[in-house]
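There are 2 protein chains.
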Amino acid sequence: MIQKYSFGTPFETEAVVAPIPVSSGLPALGQIDTDHGFSFRLALSPQDIVYGLGEANRGIDKRGHLYISCCADDPIHTEDKHSLYGAHNFLLIDSGPDAEAVGLFFDYPGEMTFDIGYSHREQLCVCCKTADLYLYLITGKSASDIVHQFRQIIGPSYIPPKFAFGYGQSRWGYAAPEDFRTVAQQHRENHIPLDMIYMDIDYMEDFKDFTVNTKRFPDFASFVEEMKQQNIRLIPIVDAGVKIEPGYAVYEEGLAKGYFCKKEDGSEFEACVWPGMTHFPDFLRPEVREWFGNQYKCLLDAGIEGFWNDMNEPAIFFSAEGEADLRQWMADILAGKTSFHSFALSDRSKSLPNSPEDYQRFYHVVDSKRIRHDRVHNLYGCCMTRAASEAFARLCPDKRILMFSRASYIGMHRYGGIWMGDNMSWWSHLLLNLKMLPSLNMCGFLYIGADLGGFGCDTTEDLLLRWLALGVFTPLMRNHSAAGTREQEFYQFDHAEDFRHIISVRYRLIPYLYSEYLKAAKNDAMMFRPLAFAYPQDRIARKIEDQLLLGDEVMIAPVYTQNADGRPVYLPEEMLLVKFLPDGTLLQTPVPAGYLFIDVALNEVAFFIRRGRKIPVVDAAECVEALDMRTLCYIGDPKATYELIDE
Amino acid sequence: MIQKYSFGTPFETEAVVAPIPVSSGLPALGQIDTDHGFSFRLALSPQDIVYGLGEANRGIDKRGHLYISCCADDPIHTEDKHSLYGAHNFLLIDSGPDAEAVGLFFDYPGEMTFDIGYSHREQLCVCCKTADLYLYLITGKSASDIVHQFRQIIGPSYIPPKFAFGYGQSRWGYAAPEDFRTVAQQHRENHIPLDMIYMDIDYMEDFKDFTVNTKRFPDFASFVEEMKQQNIRLIPIVDAGVKIEPGYAVYEEGLAKGYFCKKEDGSEFEACVWPGMTHFPDFLRPEVREWFGNQYKCLLDAGIEGFWNDMNEPAIFFSAEGEADLRQWMADILAGKTSFHSFALSDRSKSLPNSPEDYQRFYHVVDSKRIRHDRVHNLYGCCMTRAASEAFARLCPDKRILMFSRASYIGMHRYGGIWMGDNMSWWSHLLLNLKMLPSLNMCGFLYIGADLGGFGCDTTEDLLLRWLALGVFTPLMRNHSAAGTREQEFYQFDHAEDFRHIISVRYRLIPYLYSEYLKAAKNDAMMFRPLAFAYPQDRIARKIEDQLLLGDEVMIAPVYTQNADGRPVYLPEEMLLVKFLPDGTLLQTPVPAGYLFIDVALNEVAFFIRRGRKIPVVDAAECVEALDMRTLCYIGDPKATYELIDE
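Protein chains in written order, with this note's numbering: chain P, 10 to 656; chain V, 10 to 656.
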C-alpha cells in the first residue's frame, strides 16, 4: 500500500508519475516535525536493515552513516563522504522475514540529510531545511514487494540499444582520429571484443557543446562511419555548461532567448568549467529542454547513436563571484590586511569549487516563478538528461539511443542510465561498485556501471582484471580513466590474453544479461538483488555485502582484494559453480551450502547458478552484432525453464 | 646467512648494529644497475609473496603497488598513496614452503622506490637516485628465519614500561586541566579502565616544545601528580620544530650553539608548523641529540613518564621560501601576468606543504660535512627519537620511559615505538592497522598501534567499538582524534557498557600481551605474524590478509565491516573460539578447520586459541597497576605449558 503525504508547498519534481491522492493527517510511522524545517524520526531495531539511497557511499545496508542528498562532483569519495553524484531519496526498511517491510520516498529536490544510525545507533532521522515535500510511505509484505510498488509509481526504466551491452573503451585524453583508430585496431587485431569507444571532452572545439574539432575531424560523419564499419560506435560526451563565446551559435541563441540561469539582478550567472566561463541552461523549463535537446541533432545526424551527459550536478570550478572574492583575499594578504595562516590556502582551494554560496547565486524559472538553484539543485542533471531523451523521442522515434548521465534524481531512470561518477583506482571502489548495483535498481536505475579499473589515480593490471570480472555482469561495461593517470587500455599491460578471455565471457553472457535487463525494466523489478531478498530467513545471507543475485538464476561473488587466489563465498543453498576457463573449457561444479573458498585466477570469471535454474549463453564474438544466436545453449539445470527475451 | 654489499659511499645510518664484513662482487640474486642511480631487479614467480616495508600502505603481501620510502605527513592515506610516515626498506620474499626465503634490506636514508609487481606483475624493482647504499641479502629456510636473522643485526627492540599496555585516551584539543579531569572522572566513574591521557599540542605555550601553558597549568607538577593519584599518566607530545621567538630558551640556546639546520647560505632554515615559523634541530649530530634530549628533563622532573614525538618527518606547512613564491604568484595573478586557470589554486595548495623543494633547501652536518636534507630525509624522525631515548638512559637510567614517534627509520625500533600516524575514521583503516602489525614487527617495531576510532573525519560508535576490539591486542591501545571531528571518548556515545566491556577484555589479557611482547623483544621475534608463517603448507592460509597470529597461542580475526553480526574466519586447523561476554561469561567453543562464520556482537571480543596451547588471563582492573596477579588463570588446553614473563 502506498500513502502520499504533502507538507507545505512541494516542488513538483515529476519523480512519481502515478496519480496518488494525498492522504490527510500524518503517517502512522515515525515522528514528523515541521516546526524547524522538516524532520522524520524513526526508531530502528537492532535487526533492521535500511536499504536504499541509490548511488550512495558505503554499504548495501546504509546504517551507520550520514548521507546528504546533494549531487556533488567529488571524485575522491572516501568512506567519510556524505554526497556522491546522484540524489535518490528512497529508503527501504527490512525488519526481517516475519515483519512488514516499509518504503519511504522523500520527494524533495533540495539538500536532504539521512542520519541512519549515525548520531544514535538505533535512530533514523531524515531532515531538510524547508518543510515543502511529498512523503510516500509504502508498506508491503517483503523488501521485493516494496521495491516493486515504488518502481510502479515512478514509471518504467530506460532501455538502451542492444549494442550498449557490449564492451566500451574510454579515456579522457583521446583527441585525434588516430587515438580512436589505435583503440579500435588494437582491439580488433587482438580479438578483444569492443562495441563502443567513448569520446571525452577533447573531441570538441574548445570544449563547446555540440561542436566537433574540425581541424582534427574535418569530416566527422565519415569518421563515425569509418568506426561503424568496424562495428564500433563512438559515444561523445556532452557537458552542462555552455561556453560564453560570441559567435558560438548555442551560446548566442541561448542568450538571445533568455534560456540560461540568471542571478538575482537578472544577469546570467557565470561559472568556470572545462570551456572556461559558461552559462548554465535552465533545464527545469520545458522550452529550454526542447531547445537543448534539439542540439543533439547535429551529432545524431553525423551518425552518433549514444551520448553521456556530464558535469551536470552542475559542477562548478569557480564562479565569477568566487574568483573575485579570491582575488580580493589575495590582495588583502599581499597588503597585510589578512594574515596568512597555515591552512588558509588549502581551505580556500577546497571551498572554491562547487560551493554552496554559488548554488545560491542563480535561479530557475518554473511556472513563471523564480526559484533559487539550491532549492532544486538535485533536479538539474535529471532535467538535462530528460532534455536529451525527449529530443531523441522526437528526432528518432524508432530508434533507441544510448544515454547515461553523471548527476541524477529519481525520475531520471526513465530517460537514461548513469555511470557511478569519477571513482578511483581503488580496490574499495570495486566493492563500492558492487554495493551500488542493488541500491540503484531499487530506485529504477538499471543501465548502470562504474568506470572499470578506476577513473582517478593509477590502476594496476590485477585491479583492472578483477574489476572487469565484475563489469562482465553490469549493463554498462566501460573501461574509463582520467588524463594524467596510468593508461589502462588492455594493451598497456603484459597479458592481453587475460583481457581477451574476461571480456569474451561478457559476450557469452549477453543473451542472459540483456534478457534479464529487459525483464527488470518491463516488470519493474531489480536485476541485482542483495541475498537477503531471496533468502530472508538466512541470517548470514541477510548481512552479505559482497555477493549479489543477478536475475533469479545467478549469484555473483567477485574477487575484490589484491593478491588473492580466490575468495570465501557464502552459499545459502547448494549451487553450481560456473567458470569459463581461458582455454575454452566450461567448468560446472556443484558446491554445497555454507562458507567455502573458491579459487578464481586473475584470468577467470566465476559465478554461481542457483538450484533448478539455467541460463542462456552463446559463443563469444567481437561485437554484439556478431553474436550468433544459433550457438545459443543453456548451462545449469537441464530440467529448468528459462524465458529468453531479446527485442 | 647474511651478506652485506656496499655501493658507492653509503651513509652510515646505524640501522644495523652488528658488524658484518662487506662482501665483494654482486649479490647472487637479482640484477643490479648502478649506471643511473641504483636499481635492483628481480623476477617474481606467481606464487611469491613479498612481505615487508614496515609502516606501508596496502596489503600484508606488498605485491601490486608502488611504494616510496619517504617519511611523509599525509593524513589522507587512501589506497593510491605511495608514502606514509615511516621508511622501512626491508623486503622478505617467500616463495613457498619448499623454497629458500630471501630478505633484502636497502640501507639508504633518501627517497627509495619499491615497484613490487606494479609496472609488471612479475617483476620487483627497487631504485634510488644515487648508488650510495648498503644492501643486505639474507637467505634462510623460512620467512621466520629471515626475520630472526634481520632482527638480530638491527639490535633489540624498545621495551616500554608496563603501564603503557593499559588504555589511553587522547584528543587533539584537550587544553585545560578541566579537559583532562573530565576524561579521568568519566572513565573512573563509569569503571572504564584507563592508564594514560595524552596531551596534544594545546598543553604547550604557543606550541613551544618543552613549555607548559602556565596560565592553564600554574603548577604542572602538581597536576601530573593529581592525575597519578588516580593511576593515570599524562603523556605529552613533543614536536620537531623549535619556535623562532627571541627570549624562548630552547630557541636562543639552539641558535647560539648553531644546532639548527641551515640553508646553503649558512642562515637557518625557516619552516612554518604549529608554532608558526620554526627552526629544525639537526638531530643527525650527536651533540644536538644530547642537547635536545636534555630538554625532556623539565617534563620528566614534573613527573612525566612518557612522550610522543610528532611532526618529525619533518612536516612543513610551508617554508619562508614557499610563502615568498606563493606571494609572488598571487601578485602575478593580480597583475594579470599569470592566468588563473581552473585548478591553479588547488595545485598550489597541494604543492605548498612538505614540498620536495623545501627538503632540498636545508642541510645537516655529519662528520663535519654538510649533507642536504633530502639525501637523509628518512633519518630525521628516527634521530629525534634517538635523542630522547639516549637522554632517558642518561637522566633516568633505572626507569623505562614511554616513547613513540610518528616518523621512523629502521634502527629507531631500538629507541621507541610508533603510532601509525594520522589515519582516518574509515573501516579500511581498521584493516590497514591490522595489516601493518606483522610488517612493522619484521622491521623491529613492537610497540605499535593506530589511532583507534580514526584520527581524521567523524567516527561512528560501531567503528570505534570494532576498532577497539582490534586495539585490545595491539601493544599501544589509544583512542585519538583530531580537533574538529566528532568527539569520540566513550561517553560521547549511547552505550558506555559496551566500551567498558571491550576495554576490560584488554586488561584481562595484559599478562599475556606483556609476556608475548617481552618474548618478541628478547628473542628478536614477531609478536604478530601472518598465518603463512605458521601454516606455510596451507595455500588458503598463505593468502589470508585479515587474520593474524599473536604469539604462538592466539589467532585474531577482528570484524572490520559495518553492520556485520560477525565474519567468516579461516581456520587452518581446529581451534578454540574464545569470547569474553559482557555478562562476565567466558565462552570456549572448539571450532573445526576450514571457513566458518563466527558471530561477534558489537560489544564482544572474539579470538582463537590454537590446539595444544593456553594463555594467561587475570581479572580486569581499572589500571595496569591494579591488576591482581593472584587472579591469574589459564584458558585453552589445560595440558599445555606457557612461559609467563612479567618483568
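Please note that the accuracy of each hint is not assured.
You can't tell identical chains apart in this list, so a pair holds if it fits in one copy or across any two.
Below, computed lysine to any residue pairings styled on SDA-like, alpha-carbon distance capped at 20 Å [said to hold, decoys possible]: (1) Lys90 with Gly493; (2) Lys528 with Arg357; (3) Lys623 with Asp107; (4) Lys237 with Ile549; (5) Lys138 with Thr18; (6) Lys359 with Asp83; (7) Lys171 with Gly105; (8) Lys90 with Cys466; (9) Lys359 with Ile85; (10) Lys90 with Ala492; (11) Lys378 with Gly493; (12) Lys90 with Glu496; (13) Lys90 with Gln571; (14) Lys224 with Met236; (15) Lys359 with Trp338; (16) Lys266 with His129; (17) Lys90 with Ala344; (18) Lys272 with Arg384.
If you are wondering where the hints come from, they were derived from the structure by calculation, not from laboratory data.
With identical chains treated as interchangeable, where does the CA-CA distance between Lys359 and Asp83 reach 20 Å or less: within a copy, between copies, both, or neither? Both: 11 Å inside a copy, 16 Å across copies.
State whether the alpha carbon distance between Lys224 and Met236 is at most 20 Å within one copy, between copies, both, or neither. within (18 Å within a copy, 76 Å between copies)
Please work out whether the CA atoms of Lys90 and Cys466 approach to 20 Å or closer within one copy, between two copies, in both situations, or in neither? Cα proximity of Lys90 and Cys466: in one copy and across copies (18 Å, 9 Å).
Within, between, both or neither, where Lys623 and Asp107 count as close if Cα-Cα is 20 Å or less: For Lys623 and Asp107, the Cα distance exceeds 20 Å both inside one copy (30 Å) and across copies (43 Å).
When no copy is specified for Lys90 and Ala344, does a C-alpha distance of 20 Å or less occur within a copy, between copies, both, or neither? neither (37 Å within a copy, 38 Å between copies)
Is the C-alpha distance from Lys272 to Arg384 at most 20 Å within one copy, between copies, in both cases, or in neither? within (14 Å within a copy, 55 Å between copies)
Treating 20 Å as the Cα threshold, decide for Lys90 and Ala492: within, between, both or neither. between (24 Å within a copy, 18 Å between copies)
When no copy is specified for Lys359 and Ile85, does a C-alpha distance of 20 Å or less occur within a copy, between copies, both, or neither? both (12 Å within a copy, 14 Å between copies)
Please sort Lys528 with Arg357 into within, between, both or neither, judging by C-alpha distance up to 20 Å. neither (49 Å within a copy, 51 Å between copies)
Using 20 Å as the alpha carbon limit, work out where Lys171 and Gly105 are close: within a copy, between copies, both or neither. neither (38 Å within a copy, 48 Å between copies)
One pair to classify: Lys90 and Glu496, alpha carbons no more than 20 Å apart. Within, between, both, or neither? Answer is between: at 18 Å across copies they meet the 20 Å cutoff, but 27 Å inside does not.
Under a CA distance limit of 20 Å, which applies to Lys90 and Gln571: within one copy, between copies, both, or neither? between (24 Å within a copy, 15 Å between copies)
Of the numbered hints stated above, those contradicted by the structure are hints 2, 3, 4, 7, 11, 16, 17, listed in ascending order.
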